[in-house]
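Enquirer: So the chains spell out like this:
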Amino acid sequence: MRINFWYISSLIISTFVIIPILTVFSSFFEDTSNYYQILKETFLLEYISNSIILLTSVLILTFLIGTGAAYLVSFYKFPLSNFFKWALILSFAVPPYIYAYSLTAFFENYGTAYSIFKNLFGEGNYNTHIPKFDGMIGAILSLSFSLFAYVYILARASFLYQSQNFIDLGKNLGFTKFKTLYSIILPAARPAIVAGLSLVAMETLAEFGAVDFFSINTLTTGIYNSWITFDDLAFANQLSFFLLLFIFSLFILENLSRNRAKYHFNTRVDFKQKQKLQLSGSKSFLAFIFCFFIFFLSFLFPLSQMLYWTIKFPENLFDLQIIDLLINTLYLVFLSSFFLIIFALISNYGNRVSKNKILNILSTLSISGYAIPGVILAVAFITFIAWFDESVVKNLGFFSIKKIFIGSILGLVFVYFVRFYSLAFNGIKSGYEKINLSVDESSYLLGYSKRKTFMNIHIPFLRNSLLFVCILISLEIVRELPITLILRPFNFETFATSAYISASEDLLEAAAVPSLFLILIATSFIIVTSKYILKDNNG
Amino acid sequence: MAKNFFEIKNVDFNISGKTKVKNVSFSIENEGDVVCLLGPSGIGKTTILRTIAGLEKINKGFIKLNGKTLSSEKINVEPENRNVSLAFQDNSLFPHYTVEKNILLGSDRNKDKSGKKISLKEIVDLLDIFHILNKYPHEISAGEAQRASLARSLITKPDLLLLDEPLSNVDQSFKEEIQVRLKKILSKLKITTIIVTHDSYEAFYLGSKCGIILDQQLKQFDDPYKVYHFPNSVEVVNFLNRGILIPAKVTGKNTLENWDLGTIEGNFIKEYPKGSNVQLLLQPEDLEHDDKSNLKLEVVDRKFRGTNFIYTLKTPSNTFIPVFVHSHHIHQHEVDEKFGIKRPIHIDHIVCF
Numbered sequence: 001m002r003i004n005f006w007y008i009s010s011l012i013i014s015t016f017v018i019i020p021i022l023t024v025f026s027s028f029f030e031d032t033s034n035y036y037q038i039l040k041e042t043f044l045l046e047y048i049s050n051s052i053i054l055l056t057s058v059l060i061l062t063f064l065i066g067t068g069a070a071y072l073v074s075f076y077k078f079p080l081s082n083f084f085k086w087a088l089i090l091s092f093a094v095p096p097y098i099y100a101y102s103l104t105a106f107f108e109n110y111g112t113a114y115s116i117f118k119n120l121f122g123e124g125n126y127n128t129h130i131p132k133f134d135g136m137i138g139a140i141l142s143l144s145f146s147l148f149a150y151v152y153i154l155a156r157a158s159f160l161y162q163s164q165n166f167i168d169l170g171k172n173l174g175f176t177k178f179k180t181l182y183s184i185i186l187p188a189a190r191p192a193i194v195a196g197l198s199l200v201a202m203e204t205l206a207e208f209g210a211v212d213f214f215s216i217n218t219l220t221t222g223i224y225n226s227w228i229t230f231d232d233l234a235f236a237n238q239l240s241f242f243l244l245l246f247i248f249s250l251f252i253l254e255n256l257s258r259n260r261a262k263y264h265f266n267t268r269v270d271f272k273q274k275q276k277l278q279l280s281g282s283k284s285f286l287a288f289i290f291c292f293f294i295f296f297l298s299f300l301f302p303l304s305q306m307l308y309w310t311i312k313f314p315e316n317l318f319d320l321q322i323i324d325l326l327i328n329t330l331y332l333v334f335l336s337s338f339f340l341i342i343f344a345l346i347s348n349y350g351n352r353v354s355k356n357k358i359l360n361i362l363s364t365l366s367i368s369g370y371a372i373p374g375v376i377l378a379v380a381f382i383t384f385i386a387w388f389d390e391s392v393v394k395n396l397g398f399f400s401i402k403k404i405f406i407g408s409i410l411g412l413v414f415v416y417f418v419r420f421y422s423l424a425f426n427g428i429k430s431g432y433e434k435i436n437l438s439v440d441e442s443s444y445l446l447g448y449s450k451r452k453t454f455m456n457i458h459i460p461f462l463r464n465s466l467l468f469v470c471i472l473i474s475l476e477i478v479r480e481l482p483i484t485l486i487l488r489p490f491n492f493e494t495f496a497t498s499a500y501i502s503a504s505e506d507l508l509e510a511a512a513v514p515s516l517f518l519i520l521i522a523t524s525f526i527i528v529t530s531k532y533i534l535k536d537n538n539g
Numbered sequence: 001m002a003k004n005f006f007e008i009k010n011v012d013f014n015i016s017g018k019t020k021v022k023n024v025s026f027s028i029e030n031e032g033d034v035v036c037l038l039g040p041s042g043i044g045k046t047t048i049l050r051t052i053a054g055l056e057k058i059n060k061g062f063i064k065l066n067g068k069t070l071s072s073e074k075i076n077v078e079p080e081n082r083n084v085s086l087a088f089q090d091n092s093l094f095p096h097y098t099v100e101k102n103i104l105l106g107s108d109r110n111k112d113k114s115g116k117k118i119s120l121k122e123i124v125d126l127l128d129i130f131h132i133l134n135k136y137p138h139e140i141s142a143g144e145a146q147r148a149s150l151a152r153s154l155i156t157k158p159d160l161l162l163l164d165e166p167l168s169n170v171d172q173s174f175k176e177e178i179q180v181r182l183k184k185i186l187s188k189l190k191i192t193t194i195i196v197t198h199d200s201y202e203a204f205y206l207g208s209k210c211g212i213i214l215d216q217q218l219k220q221f222d223d224p225y226k227v228y229h230f231p232n233s234v235e236v237v238n239f240l241n242r243g244i245l246i247p248a249k250v251t252g253k254n255t256l257e258n259w260d261l262g263t264i265e266g267n268f269i270k271e272y273p274k275g276s277n278v279q280l281l282l283q284p285e286d287l288e289h290d291d292k293s294n295l296k297l298e299v300v301d302r303k304f305r306g307t308n309f310i311y312t313l314k315t316p317s318n319t320f321i322p323v324f325v326h327s328h329h330i331h332q333h334e335v336d337e338k339f340g341i342k343r344p345i346h347i348d349h350i351v352c353f
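So the sequences go chain by chain: A and B.
Position one of the first sequence corresponds to residue 1 (my numbering), numbered consecutively onward.
Position one of the second sequence corresponds to residue 1 (my numbering), numbered consecutively onward.
Simulated from the structure, these hints should not be mistaken for laboratory data.
Some hints could be false.
[Said to hold, decoys possible] Straight-line C-alpha distance at most 16 Å; calculated EDC-like pairs for lysine to aspartate or glutamate:
#1 A/K355 <-> B/E56
#2 B/K188 <-> B/E265
#3 B/K57 <-> A/E441
#4 A/K450 <-> B/E78
#5 B/K342 <-> B/E288
#6 B/K183 <-> B/E122
#7 A/K452 <-> B/E80
#8 B/K190 <-> B/E29
#9 B/K64 <-> B/D159
#10 B/K64 <-> B/D12
#11 B/K74 <-> B/E56
#12 B/K314 <-> B/D260
#13 B/K121 <-> B/E100
#14 B/K303 <-> B/E334
#15 B/K183 <-> B/E100
#16 A/K452 <-> B/E78
#17 A/K434 <-> B/D90
#18 B/K342 <-> B/E265
#19 A/K450 <-> B/D223
#20 B/K292 <-> B/E337
#21 A/K312 <-> A/E509
Model, not experiment: these values are computed from the prediction.
Extracted from the complex, chain A is given alone in its bound form (with noise of 0.2 Å):
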């Protein structure tokens, strides 16, 4: 191995990344609060099976509303099934806590149901009869709509994969669809189907904007308080890592349980292109009001709830600063994305060319951020900088760097790289496993350098991974809540953290427009890398 720019650089990119990571594990081992008996002897139980019944309910509903919806979009022609196809991701860009908002305004006592009864039949007691989605099912409902999306492309994108072959072999079987399905198809697609959910439960566990709002009492609840009311982050991370641990072993059993079973052919010679059916009749009818139920409910709703209470309320328009919001979220979009892409960019390379076991271990550690709540890494970041000013600047001599670092954007930015670290440099290697290694060889043969090879050939062929990765950042990082929340300057807002300053003070009226442009501009930034979500070649 040799010691170049690549190496260092990519040691350099992965030891950073890894800080605040290791600091919530390190705070693992020290004392706690007594925050630990309090909670022992009062809500334990209650959160404890709060977050189970969440996460069942979650998972259960994101697998049902996910893999259906990918199953009728994949095998099936019926009317708009083209239109669902994209359109179904469009839930991303509703996060959990504003799908709340829109829950809560259209079912509450006088809310926006109450106001279409009205308008349509006149004065009633109308409240007595629309049901209440509030308290566990509200949480359960806004998370399973904003989060299904997840399932819905990785189920598809394996039914994508699935060849005609094997449809045949059902029908050569003897098989009924509903049997293909659950004995052939869903099996095929199990691995990316538990991946999806993989993503869901870890979501579900870091949700904070929705929980909160609906204030059901889960695990997540009993970490933030530890901090929040106990300043004890070291029970919070116990806690959070107990919630992790526990995701982990249970995908962990399911990997075991498919023993030596394969999901994928080595080859694509017996890849045989699927054929889609055209349903006809009540079949076709049902399929649509499927899909479109799903994309109602899931966009269409909070979308439309939110543009209502924008038109009813107008003044809450102008009461904010909507330009400056923009110009602050795109702000943080731009610096995170260009600083997480580039050193993304330059890991993965020095990763490649270094084929070094310490880098690749430093690399696999540097994107468990995802897995940790933002809440948790925003206040691993303040300790670890509250520490390091105490225990090192300061001996030094030198002048104390808190405020360069907590609450600036320095520090924002920094957490957000460390959050989505993983979203750029899985992002760019699945990229990347697409180069052969032997055209890098082709290329130093041409008499091309390490430099050169990495200007000439590798940019312009990962040109498409990087603008998708590129707008997956900036998604998260328009919709992201928590770590904002923390680390943002004083008076500096975005559109998440106007939302939710404003549903927090009971103003759900004044959370509608920054609800509202989030969507949108986050519905944008989808509909640009949708052909990249859902490609339709079997490349």
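On the provided structure of chain A, position chain B as indicated by the hints.
Expert: This is chain B only, laid out in the frame that chain A set:
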């Protein structure tokens, strides 16, 4: 002693920490010579090329090109600084560039060189790839991709060109034509070349020297004629599938005696004392068909190979002997019939072990 243009001395070729071929030494005397390395799949031929190209390192011996050490235990010139071009078997074209752009990337290296250069047009005509210039690698066939990759390597006008199974994906009907063209251009541009192949006919045609790699060793390195007619070991005989070994006793300066075939005459390539027992290499073209001969053997199999038949004959001592007969030969024999062999049996080069 004349200085060799290219030289490998006592090199072990390793990949992923495993030694594939041990203690290899061979040289290419003159610039522009073509050498072919032959061996079965997985034996380490590609590892040899990758090492010469600088993609793998060595820990013993040296590799020199034009007097300069490229690799040794201490020296390792980076691939991009060697001016050695390798055309991979799996073509390795850059997937995001058209075939033309792929080839032109190679020509960058050609820019500052003196001497005979090769133009894009020349190379495109040579390899008959004009129709694919504007296509992307995924839009062309494996054979076309291989020719495009070859074009990219040739256009760099390297000091040493390494070709890994360059025509393995080219259609059989087109292969011979490309071989002729390739030979012509390599000779015209005086590009020193090492070709790795498992096709002995390709190696014999293109190479001025051939190396046979078997059992982790370079077993033989010689002129193609000598490799073919004077194999230096039983392993080389078996690899080239050039007949069978039968027991015989040396009876004179130019004669041997076999229990089934009787007296065999010819020129020994190596001297053996009279009376010694040897294994004689009997190749399919060594025996001639003669219906009138009293030496008749039973036909157990007959293969039609276009220009000839290969008969497999069974001797009284249960040895199976292959014999070529021109396919226009009027008298064809069926299985179980008797097949006459002309006597006395004369073999030009008697090879024994």
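Enquirer: Which earlier hints turn out false for this structure, listed by number in ascending order?
Expert: Hints 2, 15, 19 not satisfied by this model.
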